[in-house]
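Asks: Sequence:
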Amino acid sequence: MGACLALGSLGSCASCLCGSASCLLSSCCPSTNNSTISRLAFSFLLVLGTLVSIIMILPGMEEHLNKIPGFCKDSSIIPGTVNCEIIVGYKSVYRMCFAMACFFFLFTIIMIRVRSSRDPRAALQNGFWFFKFLALVGITVGAFFIPDGMFNTVWYYFGVVGSFFFIIIQLILFVDFAHSWNESWREKADNGNTKCWFGAMLFFIIINYILALTAVVLFYIYYTQPDDCTEHKVFISLNLIFCIIVSIVAILPKVQDALPNSGLLQASLITLYTMYVTWSAMTNNPNRQCNPSLLNLVQQITNPGATPAPGPAPPTPAPGNVQWWNAQSIVGLILFLFCTLYASIRSSSNTQVNKLMQTEDGQGLTSEYDAPTGDDGVRRAVDNEEDGVTYSYSFFHFCLFLGSLYIMMTLTNWYKPDTDYKAMLTTMPAVWVKICSSWLGLLIYLWTLVAPLVCQNRDFS
Numbered sequence: 000m001g002a003c004l005a006l007g008s009l010g011s012c013a014s015c016l017c018g019s020a021s022c023l024l025s026s027c028c029p030s031t032n033n034s035t036i037s038r039l040a041f042s043f044l045l046v047l048g049t050l051v052s053i054i055m056i057l058p059g060m061e062e063h064l065n066k067i068p069g070f071c072k073d074s075s076i077i078p079g080t081v082n083c084e085i086i087v088g089y090k091s092v093y094r095m096c097f098a099m100a101c102f103f104f105l106f107t108i109i110m111i112r113v114r115s116s117r118d119p120r121a122a123l124q125n126g127f128w129f130f131k132f133l134a135l136v137g138i139t140v141g142a143f144f145i146p147d148g149m150f151n152t153v154w155y156y157f158g159v160v161g162s163f164f165f166i167i168i169q170l171i172l173f174v175d176f177a178h179s180w181n182e183s184w185r186e187k188a189d190n191g192n193t194k195c196w197f198g199a200m201l202f203f204i205i206i207n208y209i210l211a212l213t214a215v216v217l218f219y220i221y222y223t224q225p226d227d228c229t230e231h232k233v234f235i236s237l238n239l240i241f242c243i244i245v246s247i248v249a250i251l252p253k254v255q256d257a258l259p260n261s262g263l264l265q266a267s268l269i270t271l272y273t274m275y276v277t278w279s280a281m282t283n284n285p286n287r288q289c290n291p292s293l294l295n296l297v298q299q300i301t302n303p304g305a306t307p308a309p310g311p312a313p314p315t316p317a318p319g320n321v322q323w324w325n326a327q328s329i330v331g332l333i334l335f336l337f338c339t340l341y342a343s344i345r346s347s348s349n350t351q352v353n354k355l356m357q358t359e360d361g362q363g364l365t366s367e368y369d370a371p372t373g374d375d376g377v378r379r380a381v382d383n384e385e386d387g388v389t390y391s392y393s394f395f396h397f398c399l400f401l402g403s404l405y406i407m408m409t410l411t412n413w414y415k416p417d418t419d420y421k422a423m424l425t426t427m428p429a430v431w432v433k434i435c436s437s438w439l440g441l442l443i444y445l446w447t448l449v450a451p452l453v454c455q456n457r458d459f460s
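Here numbering that gives the first Met the number 0 is used: the first residue of the sequence shown is 0, the next is one more, and so on.
Mixed in with the good hints there might be a few duds.
In the BS3-like style, the derived pairs of lysine-lysine whose C-alpha atoms are separated by at most 30 angstroms in a straight line are [stated by the list, open to error]:
(1) Lys253 to Lys415
(2) Lys232 to Lys194
(3) Lys354 to Lys187
(4) Lys253 to Lys354
(5) Lys187 to Lys253
(6) Lys415 to Lys232
Okay, the calculated beta carbon distance ranges per label pair [what the hints assert, rightly or not]:
(7) Lys354 to Pro259: 34 to 42 angstroms
(8) Phe202 to Leu439: 26 to 34 angstroms
(9) Phe157 to Ile209: 34 to 42 angstroms
(10) Gln455 to Tyr219: 28 to 36 angstroms
(11) Lys354 to Trp180: 41 to 49 angstroms
(12) Asp227 to Glu182: 20 to 28 angstroms
(13) Leu210 to Leu133: 39 to 47 angstroms
It should be emphasised that the hints constitute simulated quantities derived from the structure, not laboratory data. It should be emphasised that the depicted structure is a prediction, and the values quoted were computed from it without experimental measurement. Don't be surprised by glycine CBs; every beta carbon is placed ideally from N, CA and C.
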């Protein structure tokens, strides 16, 4: 544990640069809003905790984690003998993410109804980084001494619910990213080479839909059986139909009149993301006949005539061979990092998304004012929140709280501890959580398209 937390010392070095409410900038840095710096710094703490969690679950860390007093010992509360080679990495991730979740949830409560940087609590949001880092380290150390009991099982269900909402937040951020992308390229097309920019947009639209359609075909081939896997057939078919519906709605004339920047670029990106969530859900199905391993899929693709090994694969990893880095976990981690960074620096003119994310229009990385220069020649970030905050402090921390739970479930493959904590098991609830989140996310995207038509007395410009 000490070796893992030593990585956190890098954070303390970085945090020294932001010891006050106005963070210091080097002379080569662009003019930056104080609100953006704060979001980046908190996101850095979340990413730092994620890196520590990854280190804890790597092979070979068991012998170091077992040195923590009482961390992986037989207990009268837990029946049976605990197999530390299987459980210790997952227990470590649970506790690291528990500490991050507690840290961000505490700030969620503290920052409720902060209206401007004049509020005394805003100084806590935008400064005191060294002490906040120490608080996170202290909570983490204490989390490793939580007795097992029902902690892992109860925290697993917290992780499932939190991840459900974070997947929806991811989709909202992808909607906003696609909207900003589309708007930027349309402006460049109007001011420059029209055919070039519209051709580039068409290229990415076609690529996104080809990838999504290819995924659907592969799903039907490898994740369904003629007389089995009914759930997968329903999931794939419904999500394909839903994606076709939202794509058609996005280009309807009435929708185009109300939302000129809506189009197939956003719909294609959402379709591709929905296919990823569908695949991620199917990889958590405990029925191994419907959930082949990636290695088996590669063997079937490279050797079409080869016969797969008979019988279902074991549902749990073998002792001493615990791994989190399967394909869907790696993709999930990459998407998480992208969304976390984008949420910190986003500058959006999409009014509906800004209302959902509780941010103001056009608040991004670059300030419209030059950063003030102090007597020491060092520029400082612009305090752009004296008249009002540009984002909800409380909601931002709540998103990071959900992100902590999502990382926990991603690194542990959404596995649930069994009754005697000897292994981690895949379960159908994880499948349904992901599928339902994809349906709700598509519904939210559909609402962003039809809302101006349904609520015509409101301004959606």
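Asks: Which hints from the list above does the structure break, by number from lowest to highest?
Replies: The structure conflicts with hints 1, 2, 7, 10, 11 and 12, although it agrees with all the remaining ones.
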